[in-house]
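Student: Those protein sequence lines, which keep their order, are chains G, A, L and Z.
Anchor point for the first sequence: position 93 equals 94 in our numbering, and the numbering is continuous, going up by one each time.
Anchor point for the second sequence: position 341 equals 1508 in our numbering, and the numbering is continuous, going up by one each time.
Anchor point for the third sequence: position 355 equals 413 in our numbering, and the numbering is continuous, going up by one each time.
Anchor point for the fourth sequence: position 158 equals 223 in our numbering, and the numbering is continuous, going up by one each time.
Simulated from the structure, these hints should not be mistaken for laboratory data.
Mixed in with the good hints, there may be bad ones.
Said to hold, decoys possible - Label pairs and their calculated CB-CB ranges: (1) L:P428 to A:M1552: 21 to 27 Å; (2) G:S83 to L:E245: 49 to 55 Å; (3) G:S3 to L:E338: 29 to 35 Å; (4) L:A238 to Z:K78: 31 to 37 Å; (5) A:G1174 to Z:A81: 35 to 41 Å; (6) L:T243 to G:P138: 45 to 51 Å; (7) L:P428 to G:H36: 30 to 36 Å; (8) A:V1546 to L:E338: 47 to 53 Å; (9) A:W1204 to L:R234: 46 to 52 Å; (10) L:A238 to A:S1224: 19 to 25 Å; (11) L:N72 to Z:K212: 43 to 49 Å; (12) G:S83 to L:D304: 33 to 39 Å; (13) G:R66 to L:Q363: 34 to 40 Å; (14) L:R360 to G:L63: 36 to 42 Å.
Even for Gly, the Cβ is constructed at its ideal location relative to N, Cα and C.
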Amino acid sequence: MSELVKNVTAALTARFDGCTVSEFRGEARVRVPRHHLLPVLQFLQQEQGFDLLVDITCVDYLVYRDATDRFGLVYLLCHTESSQRVTIRVTLNEPDLHVPSATPLWEAANWLEREVYDMFGIEFTGHPDLRRILLPPEFAAFPLRKDYPLQGRGERHNFVPLARDAS
Amino acid sequence: MTLAAVGEALIKSVIVLGGLATGAAYLVLLERKMAAWVQDRLGPNRVGIPLTRIRLSGLGQPMADGVKILLKEDVTPAQVDRGLFTLAPIIILVAAFAAFAVIPFGSVLPTNLGVAGIEEPIRLVIVPGMNAGVLYVFAVSGIAVYGVILGGWASNNKYSFLGGLRSSAQLVAYELPLGLGLLGVVAAAGSLDLETIITRQASGGWNALLQPLGFLVFVVAAFAEAARLPFDLPECEQELVGGYHTEYSGVRLLLFLLTEFLHMITGALLIVILFLGGWHFPFGVTGWTDEVGWVGAIVRVAVLAAKVLLVILVFMLVRWSWPRFRYDQLMTLAWKIMLPLGLVNFVAVIVLDQVLTLWGARGWSGQLLLAAASWGVCVVSLLVMALAAPSISDNRARRTRAAWDELV
Amino acid sequence: MATASQQDYLWTLNFGPQHPATHTTLRILLTLDGERVVDAVPDIGYLHSGFEKIGEHLDYNQYVTVTDRMNYISPMANNVAWHHAVEKLLGIELTPRCQYLRVIIAELARISDHLLCVGAMGLDVGAFTFFLYGFYERERIYDIFEALCGARFTNSYTRVGGVMHDITPGTVEKIRDFLARFPATLEDMERLLTRNRIFVDRTQGVGVLTREEAINRGASGPVARASGVTRDLRKDEPYLAYRDFDFQVCCSRAGDCYARYLVRIHEMRESLRIVHQALENLPAGPVNVGIDRRVNLPDKSRVYQTIEGTITHFELVMSNRGFTVPCEEAYGAVEAPNGELGFYVVGDGSNVAYRARCRPPSFVHFALFPHLIRGHTLSDVVAVLGSLNIIAAELDR
Amino acid sequence: MALEVPENVLVTKLDALASWCRKNSLWPMPFATACCGIELMATGASRHDLARFGAEAMRFSPRQSDLMIVAGRVVMKMLPVLQRIWQQMGEPKWCMSMGACASTGGVFDTYAVVQGIDRFLPVDMYVPGCPPRPEQLLQAVIDLQDKIQREGTVSGREFERREPVRALLQLPILGQTPEMRARR
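Chain G with its partners taken away, still in its complex shape (with noise of 0.2 Å):
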């Protein structure tokens, strides 16, 4: 972990509580409740110069070795000038998957939040157009969740087949 990377972790606990930093292949990771994550991000960005939001995704740990959560959910920061990244997590279970949109920092939430709604069912508040991105709107589970079988439920064999003659 950099200077600067310990600094702003230092920082983020200091002034958020019920925040945990930690460390695996000198890349930081922070642990934030939900009802922080907004004004965490925001205070990445704006204070703390963390410019870049690289990607959200979200993990199920259902079926994971010794997880208490169901999900949990992933931003990768970037601080564009120095090259540093921090990952923020939260934790989420059901029946409330709900947490704030970050489209108000950053235009490219929008959707990767789609993305991850569509993916895991996972409802962003505040979320300006929050529909299924991937999936056809008719499609009824979340694939990614572990609960999902990999070939599915039988969608994709649910067509009309053409024979020759009836076109």
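Dock chains A, L and Z against chain G, hints included.
Tutor: Chains A, L and Z alone, transformed into the frame defined by chain G:
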């Protein structure tokens, strides 16, 4: 009009139409071969004599394509306006063929063939002696717009419609520079008859050398009229799929495809006749006047055909090397650049003619002086244009209605 | 003032999903005022095939075959990116020779990607020949890859802790030959398009992305660099052996389609330089990490002659054994031709990733599209699409 | 077409001629979705040159094309589009399933990918490979040409006067029937 004259016209029409249809089919092959050559490929080379293994380096390809399209199911989509959908390709084809009535494909046969009822030597044009030939060509080619726009509209498809609209705007816009480029030639020749224009060039120098600016304007406009690549917006594949003929298939598509190449032939023929001396070849090979022997008559046809082919090859080379314009750029080019240049050319031709007449410069020295002066006009006006309009388009995004109103 | 999108004379054009300019499959609902685009609503997912779900069912070496099919115009770059992330999770330091080899293939992949991208952009504005010139060089890169790993297109060349097998002298010669001949073709291509007035007028000032927007909207790679973001992971977070090479990061301030085209053209030149340096300084030594790491299949001679070789081999090939991965999460990103291509890998101790999230540059870049196209014309749609280099398989995964 | 006297030399010769023309002028409709699409481009590009067989005239309008090359995986969001394009093509038409994904789903045995387009469309020719090399695709085109020559005018449907299809087949757009929704 005697029966013999009618027969003569009929025979000539059959020869011209048959030649054109075959020519257009083989131009398709030529185009594909040309594309292959430019792109370091081989092009169609497998298809030769039907049902044999003889390949003839792909010469059977036009036949295969043609018959295939004829045998293809002629789909009439459910949403189209049936009458107009069928009418459109017919209009465009008829218009394209009709233009050839007054375009000479050679000069004249040397002697009277001795057929009763035909006294004069036969001229190699379907309707000889039409003294407003140029006007006729323009009038008829203007009709082609109807085919395109009707086809686009009747298809009831947004891409077709857009293609038809673009096409009509483009053809109408480029009629003007085309006409202006032509006016210089007409003024210099003092006649609207295409044969007279050729004869005058044979004796007095090619118009391309005497009026370079007019030549330039005319060639650009001819490209646009033929909808060839830098100007192929009506059917640009990457934007409008197939443009106005997206919904067409079978015979009706064949008519459209044929017409495309007919337009190219018309454009090339006009360029050659108006600016490149028609059947005339320098160094006295083809003579300077209407007097010609049998060999000369054949050579003249060959020279004309060769020139047309060369121009068509240039058309194709450009097609395979350049990107295309955008719609607004196309319009800017027509109205703000080509139109002024055409006007400058017209004025320059008349003024130079008068000035040289006043000075009494005639003959070859006069022509040389004229050429020098017009090249000067050409270079200066192009320079002025380049400085005045460094970019032919305004690419800024217009995101509010107010900004668009400002544009309009 | 009423905004333009509220007018009732607007009309809608459905652009795609099967359209010549979308190259692959995406759909845009365009709201047009005449030919001017008032609004564009992208609709994607026409190629969503569940890559990330497959990643949870294939082991770390098998999944590389699936990454081939992600950004399919530069599969090698995806291979490198995936195993970069996995090795970060495992904490593996590659051998110098392997690092150089990966640099070579990544840069060759970059060249082939940029060739197709600028070619497709040329194709979209009507220059077909330009596209085929580029494709001819791609065929030569395919030849190199074929000599390197046996597959011309979907390579799957990298392995955890190394590559499939070492480079042969014949392949080195092929690459040298390519290095010698490619600049001439690039010159030819540039002569066709770079200073062509029609092309410049079609692309300059179209789809402008400012620096602030580029950062705020998460752009990366050539798209960001064309907007003045001097960010290149090869320089900023040097991975593999990029520290050893002398190359420049190509940037522009204009942020329009033309700038993106130029950035890509210049990046090809820089990539050539990198490949040249890497090839001439290719270190000797093994390409795979040692047997003690127990991630690579050992040499056949070791398998047959030593007991730990045999044990390692069988440990690795038997199902449900493989190597052990920490129960941790890591994000590894490389500078793929298209931008930052990262994988967020969650290990759960087994030999299969618990979660294999891909951070696709195309996805983020396509989100820019409505912003870039608004206010331009229908013809600019294809130019902007071409300049963003949207690869549907990477977009939808 | 009047095929009551199949031994009729004239008819068979004409039929052979028609097939010859068709097979030598296969205008493809490149339904390129994924990786195979790039190899399809490579086949059309300089080195392999599909044009030699007269098959380079890619027509993006289904009305004008004879051979639909489905190159790449087809996912459930795309399948209705594919079927619709197939319906829009005029007879005679052929469908080539290029690559493992289009033929069987390939490595993508997942919830979203249709496991072989032949479940929903008539396919004339399968090209194996992931993706097939251009040489393979060329071979497939040659094989398809043979097939067209052998089969001749199968039904003559292209000469029938057919009513235009006003309503397309009632496709459950995007894969779900009401029962499925009810089940969940």
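Student: Indicate, hint by hint, whether the structure satisfies it.
Tutor: Verification of the hints:
Separated by about 37 Å at the C-beta atoms, L:P428 and A:M1552 break the suggested range of 21 to 27 Å. Checked against the hint of 49 to 55 Å, the pair G:S83 and L:E245 fails, with Cβ atoms roughly 38 Å apart. At about 33 Å, the CB distance of G:S3 to L:E338 agrees with the hint of 29 to 35 Å. Taking 31 to 37 Å as the suggested C-beta distance range, the pair L:A238 and Z:K78 does not conform, at roughly 56 Å.
Between A:G1174 and Z:A81 the Cβ separation comes to about 39 Å, which falls inside the hinted range of 35 to 41 Å. At about 46 Å, the beta-carbon gap between L:T243 and G:P138 stays in the expected band of 45 to 51 Å. One distance hint, 30 to 36 Å for the beta-carbon pair L:P428 and G:H36, holds here, with the actual separation near 32 Å. Checked against the hint of 47 to 53 Å, the pair A:V1546 and L:E338 passes, with Cβ atoms roughly 51 Å apart.
Take A:W1204 and L:R234: their Cβ atoms lie about 30 Å apart, and the range 46 to 52 Å is violated. Look at L:A238 against A:S1224: about 34 Å separates their beta carbons, and that is not inside 19 to 25 Å. At roughly 35 Å, the beta carbons of L:N72 and Z:K212 sit outside the given window of 43 to 49 Å. The beta-carbon spacing between G:S83 and L:D304, approximately 22 Å, falls outside the hinted interval of 33 to 39 Å.
Distance hint for G:R66 and L:Q363: a CB-CB separation of about 38 Å, consistent with the stated range 34 to 40 Å. In this structure the hint that L:R360 and G:L63 lie 36 to 42 Å apart at CB holds, the actual value being about 41 Å.
Hints 1, 2, 4, 9, 10, 11 and 12 from the list above are not met by this structure, while the remaining hints are.
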